[in-house]
Structures are given as C-alpha cells and as structure tokens.
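Undergrad: One letter stands for each residue in the lines below.
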Amino acid sequence: MPEPIRLTIDGRSVEVEPGTLVIEAARRVGIKIPSFCYYEGLSLAGACRMCLVEVEKMPKLQTACTLAAAPGMVVRTDTPQVAEARRAMVEFLLTNHPLDCPVCDKGGECELQDMAFRYGAAESRYREAKHHVPEQQWSPVVYYDRPRCILCYRCVRVCDEGMGVGALGVVNRGGRSEIAPNRGDHLECDECGACIDICPVGALTSGMYRYHTRPWEMAHIGTICAFCADGCKTTLGVYHNRIIRGNNRDRSGLNGEFLCIKGRYAADFPHHAERLSSPLVRRDGRLVRATWAEALALVESRFREALASGAPIGIIGSNHTTNEENYYLQKLARQGLRTPHLDHPRTGDLPALMAAVAGREAALARIEDLYAARAVLVAGADLAQQHPLLSWQIRANWRHHQARVYVVSCGPVREDRYAARSVRVAAGRELEGILGLEESLRTEPELVVVFGEAIQGEQVARLVAFGDSLGIPVKYVCLVDYANSRGAADMGLLPDLGPGYQPLERSGMALDEMLECADLAVLWIVGANPLAGGVRPPARFLVVQDLFLTDTARRADVVLPAASAYEKEGTVTNVCGEVQRLRGAVSVAGAKTDLEIFTLLARRLGLETGPVTWEKLLDEISSSVPGYQVSAAALRAGVPQQVRPPRQASPSRRGKVRSARDTLFTSGTLGRYAAILSAVREAPGELYRG
Amino acid sequence: MLHPEPHPAEVVLLTRRFRLRDSASIDTYLATEGYQAFRKALAMTPEEIIEEVKKSNLRGRGGAGFPTGLKWSFVPRNSPKPKYIVANADEGEPGTCKDRLLMQYDPHSLLEGMLIAARAVGARAGYIYIRGEYRYLIEILDRAIEEARRRGFLGRNILGSGMDFDVYTHSGAGSYECGEETALLESLEGKRGVPRLRPPFPATSGAFGCPTVLNNVETFCAVPPIILKGGLAFAELGTPKNGGTRLFAISGHVNRPGVYELPMGFNLLRMIHEVAGGVRGGRKLKAVIPGGSSCPVLRAEECDVAMDFDSLARAGSMLGSGGVIVMDETTCMVKAAARILRFYAHESCGFCTPCREGTRWLATVLTRLERGEGQPGDIEVVRNVARNMLGRTFCPLGDAAAMPASSFVEKFREEFEAHLEGKPCPAEEVAIHA
Amino acid sequence: MKFSEQTEAKLARLVESYPPDHRRSALVPMLLFIQDEVGAVTPQVVEEVCARLGISPLEVEEVVSYYSMLRREPAGRYHIQICTNISCMLVGGAELFEHACRKLGIGNHGVTEDGMFSLEEVECIGACCWGPALQVNYDYHHHVTPEAFDRLIEQLRGNGLKQRGT
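Chains as they are written, first to last, in our numbering: chain W, 964 to 1653; chain Y, 53 to 486; chain Z, 253 to 418.
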C-alpha cells in the first residue's frame, strides 16, 4: 500500500491514496464540487470548467477534476472567487441555451437547472441573438437538440470508452461545435441510450420518453430487467400504470449505471396490444375467450383424468418465471402431479459446470469479478450481443485495470479490439482453442473463464480440469440466455435433477422427448415457446401459460394469461448466480402471476390448502435448496445475494442445451413484443464485423 | 518582402543569410558555416549541448517564452520509447510573419537546429508542422530536406556518427489553435486541433505518446549559432534572462513595415520611429500591440519600453510572438478590438466552456458596438466576460482573447463610450481632419 | 478512387512519414492534398481516405469540419482569400475585401457564375508586414491595392496564368 496523502480542503484535513483527484478527495469529506464533464469512470476532460477551486501557491484557479491531490495541498472551494467563477461558468453555459425548460424532457432532473439554481446568477446579461439549430433524430431511440447541449462530451466518452462503440463524435468548432452521429445524419450503434442517460441536460432525449411525462409525475420502481441473464437493475418510470422508460441513474444494482436498449427502452411489452387479457379455450377448433373459472375447470378435469388413469403428464417451465414460481412448479409437478417429466428450454450447461465445481465456493465468478480479475477469457460467445453487461464489465476492467482479455470465438467480437489474444476457431472447436492458449494463460495471476453453449457436456469437465492444471485461481461463468435461466436450472426444472442439481431417483423426459411423446395426457407449457414455427406436439391436451398468443399458445387447448416479470414480486438469479428481487411496477388487467395460476390449480386439485406467498417460498428455498443458503430477509429488502455451488451436484444426462443466440435487438419470443427492438435498423454486430 | 539592406540597428544572426543568392540552397548554407554547429554537437555529449542552450538564455520564440534548455532537459533520456523533435511552424498569431522568412530564406538552419535537438535528446525523427497556407514553404522545406539527405545530414548513420535522424513536413489545414503545442500534436496525429490535458507534458508524452521536444521555428534556428559561438555569446546579445536576438515583425501604420532582427530588450519606440521609419504619414502614434494580437495593447505613452519578456510583463503586456502592431491616431479602437475578437471566436476550438462561449459573446458585443448598436452596460459586459475567461480556460486561447478585449476597453474606454452614445468615432474625426 | 500520379506520389510519401501504427497521422495533409486535386472533400473522398487510413467516416468528419481550409463544395478555379485581420485591416484589408466583392459580384464564400473565381475573407495568413495581402490558391500577393486587385483579376481571367509569390 502506498503512503496516503494528506491535504486540506476548506480547512478540513483529508487523507487519500496517491493519484486521487481533488474533486474526489473533497467528496470523501462531503464537500461537493460542481462539475459537468467530470464523470467517474470516464477519461478526464477538463472542459466544462465548473469545478474550479483555489489552491494555495497556484496563481490561477485549478480544475478539481484534473488536479491530483498532493501532500500538504491547501484547497478552498468556498471563497468568493470560486463562487464568482461558478456563477460565470453557468452564465457562459446559458448564453446559447434556449431556456426552454417548461417543455424540456429533462426538466426536473436536469443538472444544468440544478447548477443554475445553486450557483448561477439571478439574471443573465446575455442579450445577443441565440444560434438556433433544428433538432435532429438520429435513430428511433436517440434525438439531439444542439442548442441545449453544453458540450461536456460525456456522451462521446461513454459511447467510446464505456460501450466500446464510438458512435458519437464532435464536429465543427468553436461556438458551432456539436455532437454528431457516426453515419452522417443517423446513428448505427447499440442503441443502448447510455448517451441519453448520461447527458446532464436535455440535449439527448429518447424516442420512448420524450414528451410523454415529467419525471415527478412518474412512480419509480427499481426491479430487475426481464430480458437477458445478466440481471441488471432497472428503475422503471411508471405513469398511469404504463412503463415509460427504464434507467439506472442512481448506479445502484450490480450493473452500476449500465443498461442496454432492453433494460432502458424495451419495457413496454406489458402494454402491447396483443397482450392476453383473458383465458382462451379451444371450442370447435378455435380458441375463444373464457372465464378463469371455465379455463381452470377444464385444465383441472384433464389433470384429474391423467392422474386417475396414470397417463403421463409433461411440464415445460420457463426462463422468465421467478425462483419461487419455479421452485413451486417443480414441487407441484413432482410431489403433487407425481410426474418426473419436467424440463425447461436449456441455454447453457449449468448442471455440467455445477457438477465440475461442486463444493468449490470460489469457482463461480460474480459480475464484479469480471471488472476486477487480472485476466478474462471469453469463449464461444459474442458478449456484446448476448451479455452486454458482462461485455461492459470486461471492457471497464481493461480500461481501468489493464486486464488481459483472451477471446476464442468463431467470428469477430467486440473484445477483439483490446484482447491480448484473439483466436478464431471453427464452430465446435472452442475447447481446443482454449487449450491452445495454455502457455499464455499460465502466466496470468488469475483467470475468469466465460463460456457459452459451445462448451457443454463432457467438455465442461475438461475445461475445468484444464483450469485446475493452470495452477492459478480460475473462476467460471456458464452463459445462459434469459432473465431467470439460471434460476430455472437451480430450482430443478430438469428431467433428472432436483433443486440444487441433486440427482433424482427417477428421471423423466426432457423437453424434446416430451414434444414428441404421443402418450402424454397433458403437456403444460409455462412461459416458453418451444413450438415456434413447428407443429403441434402429439400430447392429448396442451395447456399454455404465457403473456401472448405465441406460436406455442396458438396450438394450445387452453391458454392462461400470465403476468410478466414487471408485474410481480419474487426473486430471479442472474448468469453469475446473484439472486435479486423483482418488484411489480404495473398491473395488467386479466393476467395472473404464474404463481397464482399454479396455486389456483393446486387448490382445485386438492394439493394445496394454505395461502402461498413468494416470501414463504423464498424462505423454503433458502433453507432447502443447496447453494441457496442466503439471507432471505436481505433479499426481501432488495440486497442481492450470491448463491454458491452446491456441495455435491450431478450433471444432467438427458436433454439438450441450445442457446437462442439472441442479439442486442432480439430476446426470444418476448423481444418481439417490445416495440423498440423491431424499430431499430442496425445489423447487430455490424460495428465490429465491418 | 525584404528590405534591400538590413537596418543599421539590426543584429543579423538568424537573418544573416537572408540576402545571399540562393540563400535556401544547401551550397549557400554550407559555404556560410552551415552544419558546422551540428558537427560540433556530434562531438559533444547530450548534457553539454543542453547546458550550452541553457547558458544562452534562449527562451521559446513562439509566445510563451519558456527557457529552451530547460524544456529539453525534461525529456527522459532513459525512456525506451522513441523520441521526436517537432518544429512548430504553424505561425498564425495575427501580426506575426517571421517564421515564414526563416523557412523561405534559410530552411537549413531550421533543419540544423532540429538535428542538434535530436542529438541532445536522442530522437530518431522530426516533424515540421507547418500551416496549410504556407504551401510554398512546404515545397522549399521538402527540397531542403532532400538536399540534406543527399549530403548525409539526414537519414541513417549521419556523417558516419551512427546517429539516425530524419525530418518530415506536415501540413496543417487552417486552425490557429494548432499553434498551441498539444493541439498541434493532436493535429499531427490526424485529429481535431483540440489541446490535450497537461500533465503529461510533451517532453514526456508528446507526439504518438512519446517524449517530444517541441519548439518554434525561430527557436530552432537560434540553436546553431548558440552551439557554434557558445551560449554565452548569444546570451550577451540580449538582456539578462532574455538571451539573443529576436525577429520582430512590425506591421500596421509605419513607414517601413517588415521583419527586423534586433537584440532582446530593444526599445519599442526606437523600433517604431527609427527602425520602421516612423508612423505613416507623420501621424501620431496611438497604440501598439507589442507581441501579436493576443497581447494587451499599449497606449502610446506606455511604449517607451524594452522589448523583452520581463520588461513587457512589467508594462502589463507580453512579448508574445514578436508581432508589433502599430496603430496611429486614425485607428478606431472599437473596430480593432472587434476584429481581433472575431478572429478568436473563429479560432476557438470550442472544447471548453469559457473560451467557446466567451469569445463568441465578446465578438458579438464588440461588433455591435463597432456598428453603433451598443447598449448601456455593454462595456461592463466586455470587461466582465473577459475577466471571467482570463485564467479559467483549458488552454491559453481564452487568455489570448480576453487580454486584448479587456485592455482595449480599459485603455480606450472613452472611445467605446463615444460609440455607445452615438457620438462620432473619435478616431474617424481625427482621420477626417488629418 | 485514384488520383493523379503526382498526388499519389505525394500521398505515398506522406503515409511513409509516420510510425507504422500511426497511419492516421496522414489525415489532415492527405485531405488537403486530395482537395487540391478534386476541388473539395466530397463523400467519395471521405470514403477513400477512410479506406486508406483504416479509420471511420466519423473520424474524418470530425476533422474535415474542424479545419477551415477544408471544404465540401469546390471553390472557383482561382480561390481568392483576402486577409482582413488586424495588420491587414490597418492598411486597408477590409476595404480591399469589399472592393473584391463588388468587382467579382459575389460575397464571402461565393463563386462566380463561370466558376473562375471564388472569394473568402480569411484570418491572418502570415503576411502582416506586407498587407493588404491575399492568396490566390496558394500564391501570395502582397500590398494589394484595389487597382492592383483589378489588374490581378484581369490577368487571371485573361490567361489563367499561375501567379508566383513575390
């Protein structure tokens, strides 16, 4: 540890580590130095000049955002000269500003408004004509209003450094300078909206939010993004029971401020016109609306017939339902309906990894490890497309800590740009590619291995054995596709494994087998769409529980409208095994949560007597599921909890693992119902494949 | 561009080849002690070279006046990175046209200065960043570089010494800001001319992120005589702490405008009245900007001053780039100030707030005043905006705009007030009656 | 895009001037040299430069829009750039510019109908001691009185002879 540095700020003594900037040192002791261009985590600019402070023995005011603390330095932020400088900077920033706050989307959460309020003068002396530039639409997501722009370059830097995209630049010069998109008059990028959220003023606004509402008119509900498995926290802005936007400006959650287009702008799917609002039953070959009582009665009777006759029942679970729902479903299936035929669309071979690292607490990487590890290996995955948070973390690790990044993939990936080594392999040869890196990997002090579906089955055990042979600490991330893919496997929605990857005495049919089995009396598909584009499975009776009339639901005998992740409480587990709490943001008339549907059916079948709540189920999970011995109380309070690998675990020997290979702009079936994802025009990955 | 003979008051050192036939050719150069200083430097250690430059009290001729020897000594000798020499030939400060003559009439002295710097810091390559408008000089320099290569003064194993060094010209394309050393380096790397955050300074991280010596053309041209005749001899030509001669470009209302090489510390009034032949048409001197348009203006009565960095600082102005702009009694100070501020507004790179917004604001208000469309309070706005820019911008361009703005209104306030009150411009009155 | 042999030779020399991993350094002079031949930085030129230097169109746009000598539209055959900055202004630069506007019948950044002349009011061109000064393309003309300007225009119009700097 280097010697700390002691300096004085406004008469208060502060101790910081060498290299700390004065603006950060001040913050440690609660002294706020205003700034626009300074942004933690991004490169320094020194452009806005808001953070000028007095420093003893320096004749000029200094920018606190670029000045490193030095021993004995005496800084003053509370002098008339500093106040005058701040007042002047606000005045400069407002000279060409349109002052259209009453109609600006940023009103109420605008940093320029706040600064003008705190540090500005009561009136402006600027009487000259303002230079007007018409607003520009750069994409369905991004709009730019130059006169509002204060040129802090946060957007340019977050796009280039944070996202690794570099789609924004600065054109012209002097007072005519403006931010410009990478394709002349429009943007081709990740459409993540990071530039919009990071904009301190109303210069960059989103097509989803603009002119809809004011910030103070919305309810703000922090929950977990419903799409990929990374588990980003998103704060949904809800106005009149509609989700208008998502953001994470408070940097809470394991994603900090990161969100992709899905987390920010794709949360409108609950309000899609095709959302199911009533159960449907098949009459005369057509699905027609029915009451819940009618639909549930029909399902009940079919289950009763099957139970009475001993005909098999098949159940396919979901990658989107909560841990509590999944746990309850497997219990209902195995103990209530007494069927072993349970599976879910598996997108990564989690059981194989859990079996290989069983009992090794340090073998599973967390999201934060991707930012901290000295070396990261990404194999068989295009993280920028499928796991944008992981991609962000690794990129930040490289920028801030010079982490060494290794890539083994079939095609170009964004990580190539800064990878220490990039290896291209034919599909299916990923493991060989990794083994070929042995010499380099051996020189690393530690390693995190992130691998996709390309490595599954026996190969996972070989990968872990290879990791062990390196003689360095190695952690793993087995990539899976969706918001609770991890939880579905952890909770035992598998044909031969129960919760916590515990082997079952009696294994059942896997998903593909169920879809081909003519003996099934009932096939119950919960929140999954395995029949996309296919034919009706031969099961005698098909029950589908979903948000929309998917290809699978269309073929059902009974369709039960379910609530989405944004309409319910519970927990989900992300790709790295972090369990987080969902909070209901809106309610959609006619739909019921999956848990409610399960319990209604269970009650009808006489399998459930008491009330079932997600909190009670969470308690049960945390006391009984191997690896899930986490604090349920903390989770209920919104603090993420890390699960561990079970002490013993088995691989699954039945069924298949297939990733949907989504892109930034697709997300299985769910993605089709988010308007923005089909509105953007980019070819995913074009930016680094070009 | 040259007067047939140097003025008797001139000390021709850097300009001594200007009037020779084919002065730009290497033959002329070699016939007049050309590359002798470099030969001498080859026999010296790097430390000795830097010591000699330090002794000369040579201070940067671009405008800031930083001691050259000290600047060279900041280059880390042991850095494993390649090192670069960069000549700032982006002469753009209004009132300044001296480097143009040095490159036109004596390009080899620039190359020799760069060679000696390369020897002192161990550089392998050098660039001459030259403003795009000076295309004909690029051609002259390219010819000189080619000549020097052919004669073995550039390239590999120079004069059998084992030293490798080559020089390349690099054209700008219209940006005053690129005269600022870090903006120049950005431009050299194919980017917008936006200055870099310092530290790190170019001496440790300059061109291509490598240690770099960056000096003005005239600074490099002063190096060969310093090495050849010794630092002390050069220093003695000037005043204490302000070594040597300086090329002064005298423009505006004088009878003999031109570029003159005079000792540091030469009296400004003498320069105007004696060297430059006095004020045009026998008119009265009104004001002088002594070091290029960014320097605070001096009233006539303030002009009895020695032209060196320290004396001008005491007089409330600066030596800057040595561009002496002389204004007679018919000059409208509002018009002059407005023109200068329009220039800075045009050239502000726009990166930082106070410069981007301040230059535009000042130019707009001063232009209104010039047109007789002033409003009460305008003068205070100009003073105040300038004060709010001064010392608070990212790079010195903000100061370069603020200093003339505030000095013009403060020193010629009555003239600005007359414009504000709709009275006839006092300067025009003089012009009519003159 | 292919350019004349002369331009290509210049570009080839240029690219060799920089460290191999800093090809982008050639950008500003490359744009200027190509503009000299093509007349403007057209979208095709941007595309070509991107390909030659391995950079993105945005990186080129940032630069093209920054430097005042780079232009999107072709100038006249003789691009007349008159300095009106302080030193030239003191000796009649502004009046010369106004005279030029009248003489050519065009304003700042205008091009004559026959494409022969274009006019631009420019900042200091480093001819402060020899004002009023102007440049025709890259050639300097010093001490330009209105009469000298008229003669210059007639001469250029008449024979299209290249002028040499004094």
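It cannot be assumed that every hint is accurate.
Keeping only pairs whose Cα atoms sit at most 16 Å apart, straight-line, the calculated EDC-like set for lysine to aspartate or glutamate is [said to hold, decoys possible]:
id	chain 1	residue 1	chain 2	residue 2
1	Z	K262	Y	D451
2	W	K995	W	D1077
3	Y	K281	Y	E481
4	Z	K262	Y	D194
5	Y	K336	Y	E353
6	Y	K133	Z	D273
7	Y	K243	Z	D273
8	W	K1023	Y	E198
9	Y	K293	Y	E103
10	Z	K355	Z	D402
11	Y	K336	Y	E326
12	Z	K262	Y	E100
13	Y	K281	Y	E103
14	W	K1093	W	E1017
15	Z	K355	Z	E365
16	Z	K254	Z	D273
17	Y	K463	Y	E288
18	W	K1619	W	E1395
Hints in this document: simulated from the structure, not taken from any laboratory. Quantities reported herein were computed from a predicted structural model and do not represent experimental measurements.
Undergrad: All hints are to be evaluated individually against the structure, with a verdict given for each.
TA: Hint check:
no.: 1; hint: K262(Z) with D451(Y); in the structure: violated, 38 Å
no.: 2; hint: K995(W) with D1077(W); in the structure: holds, 13 Å
no.: 3; hint: K281(Y) with E481(Y); in the structure: violated, 53 Å
no.: 4; hint: K262(Z) with D194(Y); in the structure: holds, 11 Å
no.: 5; hint: K336(Y) with E353(Y); in the structure: holds, 11 Å
no.: 6; hint: K133(Y) with D273(Z); in the structure: holds, 14 Å
no.: 7; hint: K243(Y) with D273(Z); in the structure: holds, 15 Å
no.: 8; hint: K1023(W) with E198(Y); in the structure: violated, 46 Å
no.: 9; hint: K293(Y) with E103(Y); in the structure: holds, 15 Å
no.: 10; hint: K355(Z) with D402(Z); in the structure: holds, 8 Å
no.: 11; hint: K336(Y) with E326(Y); in the structure: holds, 15 Å
no.: 12; hint: K262(Z) with E100(Y); in the structure: violated, 39 Å
no.: 13; hint: K281(Y) with E103(Y); in the structure: holds, 14 Å
no.: 14; hint: K1093(W) with E1017(W); in the structure: violated, 33 Å
no.: 15; hint: K355(Z) with E365(Z); in the structure: holds, 13 Å
no.: 16; hint: K254(Z) with D273(Z); in the structure: violated, 24 Å
no.: 17; hint: K463(Y) with E288(Y); in the structure: violated, 35 Å
no.: 18; hint: K1619(W) with E1395(W); in the structure: violated, 22 Å
Of the numbered hints given earlier, the model fails hints 1, 3, 8, 12, 14, 16, 17 and 18; all others are met.
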